[in-house]
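The numbering of the sequence shown is my numbering, which starts it at 7 and goes up by one.
Keep in mind that the hints were calculated from the coordinates and are not lab data. Bear in mind that the values here come from a model prediction, so they are computed numbers and not experimental data. Each residue gets a CB set at the ideal place from its N, CA and C atoms; glycine is no exception. Possibly wrong hints are sitting among the right ones.
Computed cross-link-like contacts, DSSO-like style, restricted to lysine-lysine with a CA-CA straight-line distance of at most 27 Å [claimed, not checked]: (1) K127 <-> K57; (2) K54 <-> K127; (3) K40 <-> K30; (4) K54 <-> K74; (5) K57 <-> K137; (6) K74 <-> K137; (7) K127 <-> K137; (8) K40 <-> K50; (9) K54 <-> K40; (10) K50 <-> K137; (11) K30 <-> K50; (12) K57 <-> K40; (13) K74 <-> K30; (14) K137 <-> K30; (15) K54 <-> K30; (16) K40 <-> K74; (17) K74 <-> K57; (18) K50 <-> K74; (19) K127 <-> K30; (20) K40 <-> K127.
Computed spacing ranges between beta-carbons, pair by pair [claimed, not checked]: (21) N101 <-> R72: 42 to 52 Å; (22) V122 <-> G69: 12 to 22 Å; (23) S49 <-> E78: 24 to 34 Å.
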Amino acid sequence: MKYSQATDYALHAMLYLVAAAPEKPVGVQFLAEKLGVSQTYLSKMMSKLVKAGLIHSVPGAHGGYRLKRSLEEISFLDVIHAIEGTASFFECSLNHGSECLIQQVVLDAERQMEQVLQNTKISDIAARLQKEDAEGN
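Input sequences plus hints: build the corresponding full structure.
Written as structure tokens, this is what we have:
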């Protein structure tokens, strides 16, 4: 299973917002430079995160993006759904209904993966990063 590059950038941008500046706005140009991605491309990802209610845009000279929800609430799954949507990754292409045993196995695996992603908060990863940085790793 593979997520898009957009999701990768969105997860990294959210990790930066949570780890470095949960209360203050961070400019898209700064984030784009930090992530090594085009400012225009990153702006599209950030717009999706705004629309999903995870962050909000702060206008003005010292504006940018900052968290809208509590940093402890934001899960990996929240970010993935904001970028990728909520559609299933697997659809059985044969026309034999919901009793497809292959689809049942894949959907069960997908539900388990989503549970892990829902239970993993961006703030947990940010805390691990900060701990590693403090230990000099």
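Hint check results:
no.	hint	verdict
1	K127 <-> K57	holds, 19 Å
2	K54 <-> K127	holds, 19 Å
3	K40 <-> K30	holds, 17 Å
4	K54 <-> K74	holds, 13 Å
5	K57 <-> K137	violated, 31 Å
6	K74 <-> K137	holds, 25 Å
7	K127 <-> K137	holds, 16 Å
8	K40 <-> K50	holds, 16 Å
9	K54 <-> K40	holds, 19 Å
10	K50 <-> K137	violated, 31 Å
11	K30 <-> K50	holds, 20 Å
12	K57 <-> K40	holds, 23 Å
13	K74 <-> K30	holds, 11 Å
14	K137 <-> K30	holds, 21 Å
15	K54 <-> K30	holds, 20 Å
16	K40 <-> K74	holds, 21 Å
17	K74 <-> K57	holds, 11 Å
18	K50 <-> K74	holds, 17 Å
19	K127 <-> K30	holds, 20 Å
20	K40 <-> K127	holds, 21 Å
21	N101 <-> R72: 42 to 52 Å	holds, 48 Å
22	V122 <-> G69: 12 to 22 Å	violated, 35 Å
23	S49 <-> E78: 24 to 34 Å	holds, 26 Å
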